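Asker: Please model the entire structure based on the sequences and the hints provided.
So the sequences go chain by chain: A and B.
Using the UniProt record's numbering, read the first sequence as starting at 1 and increasing by one per residue.
Using the UniProt record's numbering, read the second sequence as starting at 1 and increasing by one per residue.
Just so you know, these hints were derived from the structure itself, not from any lab.
Owing to the predicted nature of the structure, the values given are computational and were not obtained by experimental measurement.
Zero decoy hints are in this set.
Below, in silico cross-link-like pairs of lysine-lysine (DSBU-like), each with a Cα-Cα straight-line distance of 35 Å or less:
{"#": "1", "chain 1": "A", "residue 1": "Lys-105", "chain 2": "B", "residue 2": "Lys-370"}
{"#": "2", "chain 1": "B", "residue 1": "Lys-253", "chain 2": "B", "residue 2": "Lys-235"}
{"#": "3", "chain 1": "B", "residue 1": "Lys-53", "chain 2": "A", "residue 2": "Lys-105"}
{"#": "4", "chain 1": "A", "residue 1": "Lys-81", "chain 2": "B", "residue 2": "Lys-235"}
{"#": "5", "chain 1": "A", "residue 1": "Lys-81", "chain 2": "B", "residue 2": "Lys-230"}
{"#": "6", "chain 1": "B", "residue 1": "Lys-53", "chain 2": "A", "residue 2": "Lys-120"}
{"#": "7", "chain 1": "B", "residue 1": "Lys-253", "chain 2": "B", "residue 2": "Lys-230"}
{"#": "8", "chain 1": "A", "residue 1": "Lys-63", "chain 2": "B", "residue 2": "Lys-53"}
{"#": "9", "chain 1": "B", "residue 1": "Lys-373", "chain 2": "B", "residue 2": "Lys-191"}
{"#": "10", "chain 1": "A", "residue 1": "Lys-20", "chain 2": "B", "residue 2": "Lys-235"}
{"#": "11", "chain 1": "B", "residue 1": "Lys-244", "chain 2": "A", "residue 2": "Lys-20"}
{"#": "12", "chain 1": "B", "residue 1": "Lys-373", "chain 2": "A", "residue 2": "Lys-105"}
{"#": "13", "chain 1": "B", "residue 1": "Lys-370", "chain 2": "A", "residue 2": "Lys-20"}
{"#": "14", "chain 1": "B", "residue 1": "Lys-373", "chain 2": "A", "residue 2": "Lys-81"}
{"#": "15", "chain 1": "A", "residue 1": "Lys-20", "chain 2": "B", "residue 2": "Lys-53"}
{"#": "16", "chain 1": "B", "residue 1": "Lys-53", "chain 2": "A", "residue 2": "Lys-81"}
Output of the computed footprint for chain B on chain A, the stretches with three or more beta carbons under 8 Å from beta carbons of chain B:
{"#": "17", "stretch": "25 to 35"}
{"#": "18", "stretch": "38 to 52"}
{"#": "19", "stretch": "76 to 84"}
{"#": "20", "stretch": "104 to 113"}
Backbone N, C-alpha and C fix where the C-beta goes; we use that ideal spot for every residue, glycine too.
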Amino acid sequence: MVTVTGRWIKNIQMFLYFLKIKFIYILKFNTAYDVAPDGLLVSVYHLTRIEYGVDQPEEVCIKVFAPRSNPRIPSVFWVWKSSDFQERESYDMLGISYENHPRLKRILMPESWIGWPLRKDYIAPNFYEIQDAH
Amino acid sequence: MNLSATEKDLMIVNMGPHHPSMHGVLRLIVTLDGEDVVDCEPILGYLHRGMEKIAENRTIIQYLPYVTRWDYLAAMFTEAITVNGPEQLGNIQVPKRASYIRVIMLELSRIASHLLWIGPFMADIGAQTPFFYIFRERELVYDLFEAATGMRMMHNYFRIGGVAADLPYGWLDKCLDFCDYFLTGIVEYQKLITRNPIFLERVEGIGVIGGEEAINWGLSGPMLRASGIKWDLRKVDHYECYDKFDWEIQWQKEGDSLARYLVRISEMTESIKIIQQALEGIPGGPYENLEIRCFDRERDPEWNDFEYRFISKKPSPTFELPRQELYARMEAPKGELGIFLIGDQSGFPWRWKIRPPGFINLQILPQLVKRMKLADIMTILGVLVIVWLEREISAGIQQRIGPEYAGPLGILQALADGTKLLFKENILPSRGNTRLFSIGPAIAVISILLSFSVIPFSSRLILADLNIGIFLWIAISSIAPVGLLMSGYGSNNKYSFLGGLRAAAQSISYEIPLTLCVLSISLRAIR
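Answerer: Rendered as structure tokens:
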């Protein structure tokens with residue numbers, strides 16, 4: 001597992017491109033979560049190598065930590081196109097905006113929704129049942 | 001015709017969220033230039049149910065019923081992945097028998113899912129018949145599932161450490177019978193579909209994806225294997241006990257829709273092979289690892305005390321996810337279904353991210369339809385096999401044997417139906433107005449037949465040119481709606497009444513414009 005924080009975030013694109021070209025990794029999926037209700041936001045990239053006849057393929061998991069107040073991570077759309085919808089989903093659910101993504105819009109929630117639903121400090125509007133505080 | 005008359009305006013069409021024939025809700029905004037598709041933008045989110053957020057507040061056992069509703073065509077896979085994740089997190093061993101049972105259930109689910117893919121896919125292309133045939137086979141699979149798990153579709157069968165209940169006595173023999181029957185069923189599909197020239201026209205060469213591109217877009221499952229990449233997670237990951245069986249990865253090289261269809265058909269045959277081998281070799285033993293059920297009840301004795309119990313919902317002691325994270329995956333019929341699970345040392349996961357195969361496979365749609373015709377969108381979309389949730393599939397599709405008995409090839413069926421109507425027993429509603437009810441149809445039929453008597457025929461059955469009042473004819477045939485109303489009212493049944501009202505309204509709605517047209521012409525002719 002590789003962790004990327006701070007000013008190295010800008011280099012993530014080049015790094016992943018290098019991985020793809022040299023080692024033929026493919027992006028299995030890309031997700032995001034937040035570490036704590038007021039902590040950092042993490043974008044996780046899970047890469048696998050497609051090889052034939054191997055017992056267990058090599059896998060790499062890369063996590064990019066972004067600050068909560070201004071979470072901007074370069075998009076890897078130009079490396080692997082399969083991050084198209086997935087980055088949109090991370091943007092929609094957690095608010096991590098990906099630079100240079102061709103159409104970064106909300107994908108699951110309606111376009112006019114305010115708030116980032118999957119963050120731990122998200123309060124669902126008009127939801128008056130008892131919510132257990134984390 | 002000069003070409004400058006045609007404008008180069010592109011037309012933007014909204015293939016709205018509702019679709020007939022079981023496609024679920026997907027909105028496509030398609031930019032068309034005549035029949036050619038220029039661009040297509042899928043808009044999702046109409047069926048966002050917040051499954052990931054809900055998962056953060058449920059224990060695994062509580063979450064299992066939600067999970068079957070992700071992909072309801074193949075519910076066992078979603079359950080399997082939900083249970084595999086925590087098992088791998090907590091290093092829980094699954095007994096051999098449970099593993100075999102799981103494999104059998106998973107492969108049956110795979111067959112069911114591919115069957116239900118064929119139906120709507122062929123229906124989109126235009127062949128309506130396979131849609132009914134697949135339900136015949138799927139009913140058999142439902143029966144097997146119901147005997148073992150208690151539910152036809154949303155099974156809730158898998159548990160952490162095994163399955164919920166053992167297979168009933170005689171289930172294995174029934175399953176073997178199903179396998180033998182299903183092999184003949186596949187032959188039938190092949191005869192109907194695979195060499196059908198219309199089908200091949202529609203499907204060959206449509207939506208071609210190369211191997212490199214497929215990997216770049218992150219496709220998985222039959223989409224990937226149809227483009228020449230032999231990647232099947234059952235062989236790669238060696239999960240459950242797939243290694244003990246002898247089976248091959250099905251793949252094709254072309255990468256068009258026909259290749260995907262062929263991959264899925266041959267996957268069904270392979271699944272039957274696996275099931276038969278599993279049924280032969282299933283061992284005895286326990287079906288659930290009960291170790292995980294022993295809990296430490298001493299935790300937090302103060303907060304579980306009597307005075308504090310009413311404060312909030314507390315789940316019963318259950319399996320606790322260790323503080324680790326994991327990506328578990330399996331080969332669902334649609335592709336690679338995965339779960340990224342971050343455990344907190346509690347019953348609830350901290351993050352439960354679902355990697356849905358259909359969602360990822362859908363990304364390639366805008367690129368695939370770029371130069372295709374409008375009708376090919378449905379072919380490509382059908383082959384992507386994305387599952388949204390519509391209302392639950394009504395399994396009450398009747399198994400009616402077609403009307404092929406009356407005369408050769410059923411040509412006398414209409415005559416038989418009419419004769420039956422004349423001679424069948426009259427049923428009168430006990431509380432309705434029996435007089436109205438019996439006279440109503442008579443009035444409708446008599447007036448229509450009477451109207452034929454007004455048509456003047458001269459010698460040799462040629463229509464005579466006589467000055468017959470056409471309004472007389474219209475007037476007589478217009479008595480028919482009264483008959484419809486009478487029988488509808490007299491039946492003492494609000495649905496029949498509504499039906500009669502509707503039929504009468506329909507008849508009248510024809511007659512009013514008809515009369516007005518004839519009126520204007522006659523007035524002109526009289527003068």
